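Peer 1: Read off the chains here:
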Amino acid sequence: MKVAIASGKGGTGKTTVATNVARVAADSGHSVAYLDCDVEAPNGHIFLRPELGAATPVGTLIPKVDEAECTYCGACSEFCQYGAIASLEKVILVFPELCHGCGGCSMVCPLEAITEVLHETGQIEVGSAGSVAFVHGLLNVGQAMSPPVIKAVKRACPPVDFVILDAPPGTSCPVVESVRDCDYVVLVTEPTPFGLNDLKLAVEMVRTLGVPFGAVINRSDIGDGLTQSYCEQEGIAVLAEIPDDRRIAQAYSRGEMICDALPEYRALLDDLVRKIIRNVEEKL
Amino acid sequence: MKELVVISGKGGTGKTSIVASFACLTDRAIVADCDVDAADLHLVLEPEIRERTEFSGGSRATVLDELCNGCGECQRLCRFDAVSCIPGTNGSDRFAIDPVACEGCGVCARFCPADAITFGPAVNGEWFVSDTRHGPMVHAKLGAGEENSGKLVSVVRKQAKKIAEQRGLDLVLIDGSPGIGCPVIASVAGADLALVVTEPTLSGLHDLQRVADLTRHFKVGTHVCINKWDLNEDVTHQIEKRAAEQGITLAGKVRYDRAVTEAQITKQSLVEYQRNGAAVDVRRLWDTVHEGLTR
Numbered sequence: 017m018k019v020a021i022a023s024g025k026g027g028t029g030k031t032t033v034a035t036n037v038a039r040v041a042a043d044s045g046h047s048v049a050y051l052d053c054d055v056e057a058p059n060g061h062i063f064l065r066p067e068l069g070a071a072t073p074v075g076t077l078i079p080k081v082d083e084a085e086c087t088y089c090g091a092c093s094e095f096c097q098y099g100a101i102a103s104l105e106k107v108i109l110v111f112p113e114l115c116h117g118c119g120g121c122s123m124v125c126p127l128e129a130i131t132e133v134l135h136e137t138g139q140i141e142v143g144s145a146g147s148v149a150f151v152h153g154l155l156n157v158g159q160a161m162s163p164p165v166i167k168a169v170k171r172a173c174p175p176v177d178f179v180i181l182d183a184p185p186g187t188s189c190p191v192v193e194s195v196r197d198c199d200y201v202v203l204v205t206e207p208t209p210f211g212l213n214d215l216k217l218a219v220e221m222v223r224t225l226g227v228p229f230g231a232v233i234n235r236s237d238i239g240d241g242l243t244q245s246y247c248e249q250e251g252i253a254v255l256a257e258i259p260d261d262r263r264i265a266q267a268y269s270r271g272e273m274i275c276d277a278l279p280e281y282r283a284l285l286d287d288l289v290r291k292i293i294r295n296v297e298e299k300l
Numbered sequence: 003m004k005e006l007v008v009i010s011g012k013g014g015t016g017k018t019s020i021v022a023s024f025a026c027l028t029d030r031a032i033v034a035d036c037d038v039d040a041a042d043l044h045l046v047l048e049p050e051i052r053e054r055t056e057f058s059g060g061s062r063a064t065v066l067d068e069l070c071n072g073c074g075e076c077q078r079l080c081r082f083d084a085v086s087c088i089p090g091t092n093g094s095d096r097f098a099i100d101p102v103a104c105e106g107c108g109v110c111a112r113f114c115p116a117d118a119i120t121f122g123p124a125v126n127g128e129w130f131v132s133d134t135r136h137g138p139m140v141h142a143k144l145g146a147g148e149e150n151s152g153k154l155v156s157v158v159r160k161q162a163k164k165i166a167e168q169r170g171l172d173l174v175l176i177d178g179s180p181g182i183g184c185p186v187i188a189s190v191a192g193a194d195l196a197l198v199v200t201e202p203t204l205s206g207l208h209d210l211q212r213v214a215d216l217t218r219h220f221k222v223g224t225h226v227c228i229n230k231w232d233l234n235e236d237v238t239h240q241i242e243k244r245a246a247e248q249g250i251t252l253a254g255k256v257r258y259d260r261a262v263t264e265a266q267i268t269k270q271s272l273v274e275y276q277r278n279g280a281a282v283d284v285r286r287l288w289d290t291v292h293e294g295l296t297r
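Those sequence lines, one after another, are chains C and V. Residue 70 in this note's numbering sits at position 54 of the first sequence, with consecutive numbering throughout. Residue 107 in this note's numbering sits at position 105 of the second sequence, with consecutive numbering throughout.
In short, the hints are calculated from the structure, not lab data. Bear in mind the structure is a predicted one, so any value in this text is a computation, not a measurement. Hints may contain errors.
Stated by the list, open to error - Mimicking DSBU-like on lysine-lysine, the simulated pairs with C-alpha atoms at most 30 Å apart in a straight line are:
(1) K167(C) / K80(C)
(2) K153(V) / K80(C)
(3) K143(V) / K153(V)
(4) K143(V) / K167(C)
(5) K216(C) / K153(V)
(6) K167(C) / K153(V)
(7) K160(V) / K216(C)
Make the full structure from the sequences, and use the hints.
Peer 2: And the structure:
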């Protein structure tokens, strides 16, 4: 069972929910893996404090042209949709940061002069935090494309019965890469105008992908109540409401898990895990 | 004319609230909302749309059912797991391309032995030129789950610059997106100054380092603002120390204030909503950033 924790808006509490759900589910006997798919700004390790193995470089396969074979016919650059390879009169230029790694250039080359080599765009690290298996990825600074690193994080997931993916904020390709093959998505939001607007965008995205989902409303007692009524109108299950408790914000600021720092929230988190599992089993 | 980009690494630190107040504090700027996949600035600035243009950032492949012979070559060649098999009776399988997973490379269309795949421009979103009570604004909406947010950010930024030049404005005020990837790079590269909004949490500190490395990589001068600084004074000190070590100017600290959410609910910027509290900090922040821009 694969469950993504996502949100349109940043800073609504994805990582808080994802790390605590992972820990609480593991404590109640599930075999759990936590995958930090926010490879641009990963924070899960701050809370779960895993022991990690050596970093593995990951990236995109980019073309390497054997210029002894190349006749500069231009078939590769004509084919490339991303402007990542340019065939000039006597030289071929490759722009790795534009390449998506589709392999098209090597397939169209009439002389088979193009091979593919790994261009490192990030790293992944695998380890464990107590009984929770842990994987995260780090996009190298200056690299634009996070989906290949997210794919590598997902590939490195060990076999467990409960996988929790902590998605990046937004609604575009890195989020899609994180949630597209999940069984269920938990959208974390806050009841403010920005939170509601971005929740609507996230709902549009998960509906486009056809993945079942529910919502968690964080800082549920601030704002204007419109988020709650939106969920009701749209028939979106509200799995948990977490109150605006300054102690939660402070525990978060120190990198502490709510389930450790504020044990009175254990029951709420246990209930959230049960509801997630029940919802996934209903949909499967 | 200068370009100021407000970014954060970590999401939800207060970028958009700060940009809305900045827009109110100057009448010499055009606003560019470059958070194209979760734009919120329009909720405060309430733009009246004057022009709207469709955005196509790339192409997309589609299988023509009537021509597909079910050979599956497209699925074998696709590197993006975008092709799925629809099993048919008596071995007459068909294939379909998931528009959300398709990255528009064109490999399947080129190598389909039955020529059953069309390949052409896809509409990925829309961008707008608008007027607000604080001057002109360029903004956009990326389609749900779409690609090419970086290209759309570049379009928004370019349009905003063009309008600023036409109208003789001094500043393009860019609201960026979280992270350090493609849309952030598109909003930062070549800007005159980046203001990084962070918060005093270990996550905020971690992500500030990532985004500061990014602005250094692109040689963009960087100021930092610690929002809700009184939430954890220890981490605030750590951020101040880190900024000083790396030659990043601490442009200001904004106290935690529930008025920030209240202002959002009334569709006002914080400085329109109140004159005391955090609004004082934001005014002071603007003065420092403005001075940093003109220096």
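Peer 1: Each hint should be assessed against the structure and marked as holding or not.
Peer 2: Structure-based check of all given hints:
1. Of the pairs offered as hints, the one joining K167(C) and K80(C) holds, with about 23 Å between alpha carbons and a cut-off of 30 Å not exceeded.
2. Distance hint between K153(V) and K80(C) is fulfilled; the C-alpha atoms sit about 26 Å from each other, no more than 30 Å.
3. A C-alpha spacing of about 12 Å is found between K143(V) and K153(V), which places the hinted pair at or below 30 Å, so the restraint holds.
4. The straight-line distance between the Cα atoms of K143(V) and K167(C) is roughly 26 Å, inside the 30 Å bound, and the hint therefore holds.
5. A C-alpha spacing of about 23 Å is found between K216(C) and K153(V), which places the hinted pair at or below 30 Å, so the restraint holds.
6. Only pairs whose Cα atoms come within 30 Å are accepted, and K167(C) paired with K153(V) is accepted, the gap being roughly 22 Å.
7. Taking the CA atoms of K160(V) and K216(C), the gap is near 28 Å; set against the 30 Å cutoff, the hint holds.
Violated hints for the displayed structure: none, as all numbered hints are satisfied.
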